[in-house]
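Fit chain to chain and form the complex, with the hints in mind.
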Amino acid sequence: NAGVTQTPKFRVLKTGQSMTLLCAQDMNHEYMYWYRQDPGMGLRLIHYSVGEGTTAKGEVPDGYNVSRLKKQNFLLGLESAAPSQTSVYFCASRGTGQNYGYTFGSGTRLTVV
Amino acid sequence: AQSVTQLDSHVSVSEGTPVLLRCNYSSSYSPSLFWYVQHPNKGLQLLLKYTSAATLVKGINGFEAEFKKSETSFHLTKPSAHMSDAAEYFCVVSEGGAAGNKLTFGGGTRVLVKP
Numbered sequence: 848n849a850g851v852t853q854t855p856k857f858r859v860l861k862t863g864q865s866m867t868l869l870c871a872q873d874m875n876h877e878y879m880y881w882y883r884q885d886p887g888m889g890l891r892l893i894h895y896s897v898g899e900g901t902t903a904k905g906e907v908p909d910g911y912n913v914s915r916l917k918k919q920n921f922l923l924g925l926e927s928a929a930p931s932q933t934s935v936y937f938c939a940s941r942g943t944g945q946n947y948g949y950t951f952g953s954g955t956r957l958t959v960v
Numbered sequence: 070a071q072s073v074t075q076l077d078s079h080v081s082v083s084e085g086t087p088v089l090l091r092c093n094y095s096s097s098y099s100p101s102l103f104w105y106v107q108h109p110n111k112g113l114q115l116l117l118k119y120t121s122a123a124t125l126v127k128g129i130n131g132f133e134a135e136f137k138k139s140e141t142s143f144h145l146t147k148p149s150a151h152m153s154d155a156a157e158y159f160c161v162v163s164e165g166g167a168a169g170n171k172l173t174f175g176g177g178t179r180v181l182v183k184p
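One line per chain: the protein sequences are A and B, in this order.
Counting along the first sequence from 1, when you hit position 97 you're at 944 in the numbering used here, and nothing is skipped either side.
Counting along the second sequence from 1, when you hit position 14 you're at 83 in the numbering used here, and nothing is skipped either side.
In isolation and in its complexed conformation, chain B is listed as follows (with noise of 0.2 Å):
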């Protein structure tokens, strides 16, 4: 079974300072990983996703995430917060197999930035 753990519920970064989100994942198969972004009351908006090219995974807005599998994480960072960047962020992870690859969500990273 697929399991996704956030390791922050809530992350609080200056403008213009670098923001970490941490996550780690287990996975009995070769998984594909995703971050996805939730501004309020919004849908969710897909930034990277690894599906076993290049670990280091470049997305949008500036984001990117890497994809560490003998540590079984897949942090999500930015050099430079922007104001625009302050919502909620998931990590997902996704297996192979009948079930047609579900999808299975951490709990969300709240980033809160400040001016």
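Chain A on its own, in the form it takes in the complex (with noise of 0.2 Å):
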């Protein structure tokens, strides 16, 4: 089926160390966002890129890096993880015109100990 897919779903590291998570989509979406959902916060936007080679900065970007080499794919990298990144991260991609709304990924649930 057609849509978003993030990896990895789980993940749990040691303060310091760095990852990346991956986002892949097939919907030849122009735009995609990160997201970080904290208990009673909703979700709150990370990075997003409205094409590919673009990225900017959401409302939470700091400890976070961001890089969309292909149109397919945005990826979030956390360079030196601290506790408060413990969070599950959503990736979403828009569409526009007729197939304007948002996709969403099914999360990956990390862990900073």
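Wrong hints could be hidden among the right ones.
Unchecked claim - Below, in silico cross-link-like pairs of lysine-lysine (DSSO-like), each with a Cα-Cα straight-line distance of 27 Å or less: (1) Lys137/B to Lys171/B; (2) Lys917/A to Lys171/B; (3) Lys856/A to Lys904/A; (4) Lys856/A to Lys171/B; (5) Lys917/A to Lys904/A; (6) Lys861/A to Lys111/B; (7) Lys118/B to Lys904/A; (8) Lys118/B to Lys138/B; (9) Lys111/B to Lys918/A; (10) Lys127/B to Lys137/B; (11) Lys918/A to Lys171/B; (12) Lys111/B to Lys904/A; (13) Lys111/B to Lys856/A; (14) Lys118/B to Lys918/A; (15) Lys917/A to Lys856/A; (16) Lys856/A to Lys918/A; (17) Lys137/B to Lys118/B; (18) Lys171/B to Lys904/A.
Keep in mind the hints are simulated off the structure, nothing from the lab.
These numbers come from a predicted model, not from an experiment.
Below, the structure is given as structure tokens:
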């Protein structure tokens, strides 16, 4: 089925370690987003991209970097993980025109100890 | 700037009774509005969306929402709750602009359905 795929689904990191979360979409969407979900706070935007080769900061970008080298992939990196980055991370992509709407991945649960 | 307030963090209903989830928003422009549902340990599923067409929007699984501009509200309703409706629900607003229609989420409403 077409959609947004996130890998990995679960990960435990030690403080100071690095990792990359991968988001892949097969709907040819231009717009892609990374959110984090914390209890009682809904989802907050970390970074987003409006097209291949572009990225921009969202609401809570500190401690994260992103890259969009290919249209279908949007990578989220943590260079030096901190316990405050323990969260569930969601990737989303957005269609335009008649296909306007957001499709979310199933999430990555990250724990930093 | 846009914002979303979900007025109830928890709602408890009996199976077969109506469900009402309240959402108020603020937006500088004509917004698009969405309701998403998240079942435990799952991703987000779109229930319905309002994009400046009919103000009464019908979604999946018997849910509907009414956009009221004068009240800046977008409340979600369902006439008869089912056990499978137990989940967390998010009201979401999106504005246009150079930022690529970013979404702003409410804090969520957790629905408990009692047998």
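Here's how the hints hold up against the structure:
1. Lys137/B to Lys171/B: 22 Å, holds
2. Lys917/A to Lys171/B: At roughly 21 Å apart (the allowed maximum being 27 Å), Lys171/B and Lys917/A satisfy the hint.
3. Lys856/A to Lys904/A: OK: Lys856/A and Lys904/A at ~24 Å, within 27 Å.
4. Lys856/A to Lys171/B: Measuring from Cα to Cα gives roughly 24 Å; hence the hint holds.
5. Lys917/A to Lys904/A: 18 Å, holds
6. Lys861/A to Lys111/B: Holds: Lys861/A and Lys111/B sit about 25 Å apart, inside 27 Å.
7. Lys118/B to Lys904/A: Holds: Lys118/B and Lys904/A sit about 26 Å apart, inside 27 Å.
8. Lys118/B to Lys138/B: 15 Å, holds
9. Lys111/B to Lys918/A: Within the cut-off at roughly 25 Å; holds.
10. Lys127/B to Lys137/B: 15 Å, holds
11. Lys918/A to Lys171/B: 18 Å, holds
12. Lys111/B to Lys904/A: Holds: Lys111/B and Lys904/A sit about 26 Å apart, inside 27 Å.
13. Lys111/B to Lys856/A: Answer holds: Lys111/B to Lys856/A is near 11 Å, not above 27 Å.
14. Lys118/B to Lys918/A: Answer holds: Lys118/B to Lys918/A is near 26 Å, not above 27 Å.
15. Lys917/A to Lys856/A: 22 Å, holds
16. Lys856/A to Lys918/A: 22 Å, holds
17. Lys137/B to Lys118/B: 14 Å, holds
18. Lys171/B to Lys904/A: Holds, because 11 Å separates the two Cα atoms, which is no more than 27 Å.
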